[in-house]
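Engineer: Chain by chain, the residues run as shown.
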Amino acid sequence: MSKNSAGSTSLVGSKVSVRGLRKSFGSNEVLKGLDVEISEGEVVCVIGPSGSGKSTFLRCLNKLDELSAGTVIVDGFNLGDKTVDLNEVRQHIGMVFQHFNLFPHMTVLQNIMLAPVELKKESKADARATALKLLDRVGLADKADARPGQLSGGQKQRVAIARSLAVNPDIMLFDEATSALDPEMVGEVLQVIRDLAAEGMTMVVVTHEMGFAREVADRVIFMADGVIVEEGTPAELFGNPQQERTQDFLSKVL
Amino acid sequence: MNMSRARKLSVAVTALLALASGFAGVSAVAASQPSSHVQPRTAVAGETYVIGTDTTFAPFEYREDGELTGIDMDLIRDIAANQGFTVEIKSLGFDAALQALQSNQVDGVIAGMSITDERKLVFDFSDPYFDSGVQMAVAEDNTEITGYADLAGETVVAKRGSEGETFANSIKDEYGFTVKALADSATMYDDVKAGNSVAVFDDYPVLAYGINQNNGLKSVTEKEQGSSYGFAVNKGQNPELLAAFNTGLAELKSNGDYQSILDTYLEQPAPVAASGFFGLLSDSLPALMKGLGLTLLATGLSIVVALVLGVLFGFFKVSESRVLRGLASIYVSIFRGTPLLVQAFFFYFGLPQLTGQSIDVLTAGVLTLSLNAGAYMTEIVRGGIQSVDPGQTEAGRSLGLGYVTTMRRVVLPQAVKIMTPSFINQFVMTLKDTSLLAVIGFAELTYQGQQIYAANFRTGETLLIVAALYFIVINLLTMLSNKLDKRFNK
Ligand SMILES: Nc1ncnc2c1ncn2[C@@H]1O[C@H](COP(=O)(O)OP(=O)(O)O)[C@@H](O)[C@H]1O
Ligand SMILES: [Mg+2]
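Protein sequence lines, in the order shown, are assigned to chains A and B. The first sequence begins at 262 in the numbering used here and counts up one residue at a time. The second sequence begins at 2 in the numbering used here and counts up one residue at a time.
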């Protein structure tokens, strides 16, 4: 186990440290050398045109995608290290997908209890109590025994967030969590994310909701064509973008 | 059992070739042991010999009330009793019996088989026990064909590999007709009655018996002077059995038993009173039910093994390892890329020649069906797993669950639900495929039906009953499966 093997390469208090990250699918290089430091409790929003590599970047942070080059250190675990137990690392990193990916053959409660019970983190009874608490927190205490198929999109995404939180992660990754939702349901999901931010969760949020990014983010990263074009506080990036591509992009979405 | 393991790899490769050529008696065993002279011994007492015979070659062998009977059967049983040994009769079909003899699956064959020089190269024959000859028959209402001269331009049928075929071929150029070979007498008679061919050349006792049983044919020519029938053992094998047969035959001839057997079957057989459809149904049902039992047994065993194979190779197919994927692909393409019938022949006749290890017909049948169905199951399992949204696996893995746990708890429950209709379908296919095992003499439902219509010539009605049984069972099982599917895969 290489806990704290980050050593000098990572800043003190750094939760995520990405150095020279490259990722190719065949001959198509999708990430062309990213450097990112994220400190504890920080909320980073990632914006950029579709196809710029935002999802791939997130998927490299919990190694759903293999890294082609560079180092990624998350919570002290060096993901390039073959001896690192990925299953353990991933319990430190919650991930929320655009299409929810709830398990359709289980009830809401079973969806949330699956990982804690299978990973033997909690007894069934404790996991159940935790799950009910989490459901309450996302405002769905009454849906414990429903099946995912019976829920609206917003409800599904809130269950998915509760499911990620059940293994007690200290970093959360959101990949366009509201993009598949009807407009009237976006708010309820953003509210849950906002609450998490207020509680001090370290988060990387890929989003098209510029208003939300401006309000919640400590820092905004603008990506295009596999590189970080510009980053800064919401005020800097939205108020006074330096790069032409950033200005172009913002003029289209704002 | 008294199976010799002498047959070895030297003849192994010829097995499939022989199968392909249909009749193997001529082609297969050129490379054989030197002919050992028959050494009379009385070592047969207390032994059990497996004797292969035709499915139906009345009046030599056929079934009555499910029991094998006929001249050959009475003879071999009486000789066995006389000489103090036991016989276990395997009703395989003519070609199959000869195959089985060559691969030492049986110790001897008695099947109304003519003694010919060609066969003497491969088998050792007993003294002749019956003088036969070929005769021609035509449909009862046919007034045009009264002799060979009327056959010009027509097609006739003869039993594949029989004297009848040899004789028909010997005169076909002279009279200008074509010879078509079929596998058994009942089929040939139906072919003539249906008008597909105008005449049949068959052994005269068989024809005479059939005509007397109202099979719808008549003979218009005299019987040709023909060959004699003999009991055969594999070349150089079981000399003591051959000697015992000869001794026993001589004794039956001198004590009058032999003549009374012949009289029973050839002397004015009583015309059968044609029972109605329900008479046929109640007569045939016991045998058919026995067949149905074996059909279900073979299906059940095969499906269980196929399921195991399918899950194993299905996982190989979706695995990350190229070796495992390749292995599964080879398995699937072999068994999907060859006919089930060839596979059945191979496992029953070919494999014993390759390994020198005899195999019983149920084992060979289940091996065939399960390996075949397993290949299809593999594709079903692969398809089922791959049709589950990859996002499901990603969600499981991102929660920190391992590959196995994710498969077990997340992917498989969804995949099984997708696969179930295909599983049910495969189950039905395998059940139907069991009927192909009739060709290797597995006594399942179709085989029992063949036995029945071969003896009573009521092909249409018997096949209707057989088809109805399949239909009922398959639909009941399908309904049951769908019920279970609904209950467990909500
Ligand atoms: N599994 C994959 N195989 C091949 N190419 C991929 C794969 N995933 C993503 N890509 C490619 O990588 C590029 C970036 O994709 P993505 O990270 O999804 O962008 P974004 O999330 O910013 O829209 C796209 O061109 C996409 O086609
Ligand atoms: Mg994306």
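Rather than coming from a laboratory, the hints here were simulated on the basis of the structure. Be careful, since some hints might not be right.
BS3-like, lysine-lysine: derived pairs with alpha carbons at most 27 Å apart [stated by the list, open to error]:
id : chain 1 : residue 1 : chain 2 : residue 2
1  : B       : K418      : A       : K404
2  : B       : K224      : B       : K194
3  : B       : K121      : A       : K404
4  : B       : K254      : B       : K219
5  : A       : K513      : A       : K293
Remember, predicted model here, so these are calculated numbers, not experimental data.
Engineer: Hint by hint, say whether it matches the structure.
Structural biologist: Quick rundown of the hints versus the structure:
1. K418/B <-> K404/A: holds, 24 Å
2. K224/B <-> K194/B: holds, 21 Å
3. K121/B <-> K404/A: Violated, because 84 Å separates the two Cα atoms, which is more than 27 Å.
4. K254/B <-> K219/B: violated, 31 Å
5. K513/A <-> K293/A: Distance ~24 Å between K513/A and K293/A Cα, so the pair holds.
In summary, the numbered hints that this structure violates are 3 and 4.
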